[in-house]
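Assemble the whole structure, with the sequences as input and the hints as a guide.
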Amino acid sequence: MALEIKELVGLLAGGLTTISLVPQLMRVFRSRSSRDISLPFTLMLLLGFLFWLMYGLLNGLMPVILWNSLGLVFMSVLLYGKVKFS
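Under our numbering, the sequence shown has 46 at position 46, and the numbering climbs by one with no breaks.
Quick caveat, the hints were computed from the structure, so don't treat them as lab data. Where hints are given, some of them may not hold.
[Stated by the list, open to error] Derived DEER-like restraints, expressed as beta-carbon distance ranges:
#, residue 1, residue 2, range
1, V9, L39, 28 to 34 Å
2, G60, R35, 23 to 29 Å
3, S20, F51, 16 to 22 Å
4, R35, A2, 44 to 50 Å
Just so it is clear, the structure is predicted and the values come from calculations on it, not from any experiment. C-beta: ideal position from N, C-alpha, C; glycine also.
Here it is, written out as structure tokens:
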């Protein structure tokens with residue numbers, strides 16, 4: 001089954017947005033410092049991923065479900081790092 005262009009665009013957009021969190025996660029855990037990470041930013045983005053995931057689940061949108069599930073995990077780990085290393 002071939003991917004439609006709109007599905008490919010959704011996968012790429014979600015993937016790039018979500019994967020962009022990896023360097024920040026690596027920096028926080030390598031440096032053991034989260035001083036430069038804003039707690040409101042972290043909480044708002046975490047909630048954003050949660051609501052996008054709910055939207056994807058309600059509408060059966062696999063790219064939205066996939067990337068926002070991963071984003072939710074990444075942001076939960078970042079929140080943990082923020083609390084642990086503040």
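Hint check results:
The hinted range of 28 to 34 Å is satisfied by V9 and L39, whose Cβ atoms lie roughly 32 Å apart. The supplied range of 23 to 29 Å is broken by G60 and R35, whose beta-carbon atoms lie about 41 Å from each other. Separated by about 19 Å at the C-beta atoms, S20 and F51 satisfy the suggested range of 16 to 22 Å. A hinted range of 44 to 50 Å for the beta carbons of R35 and A2 is consistent with their spacing of about 47 Å.
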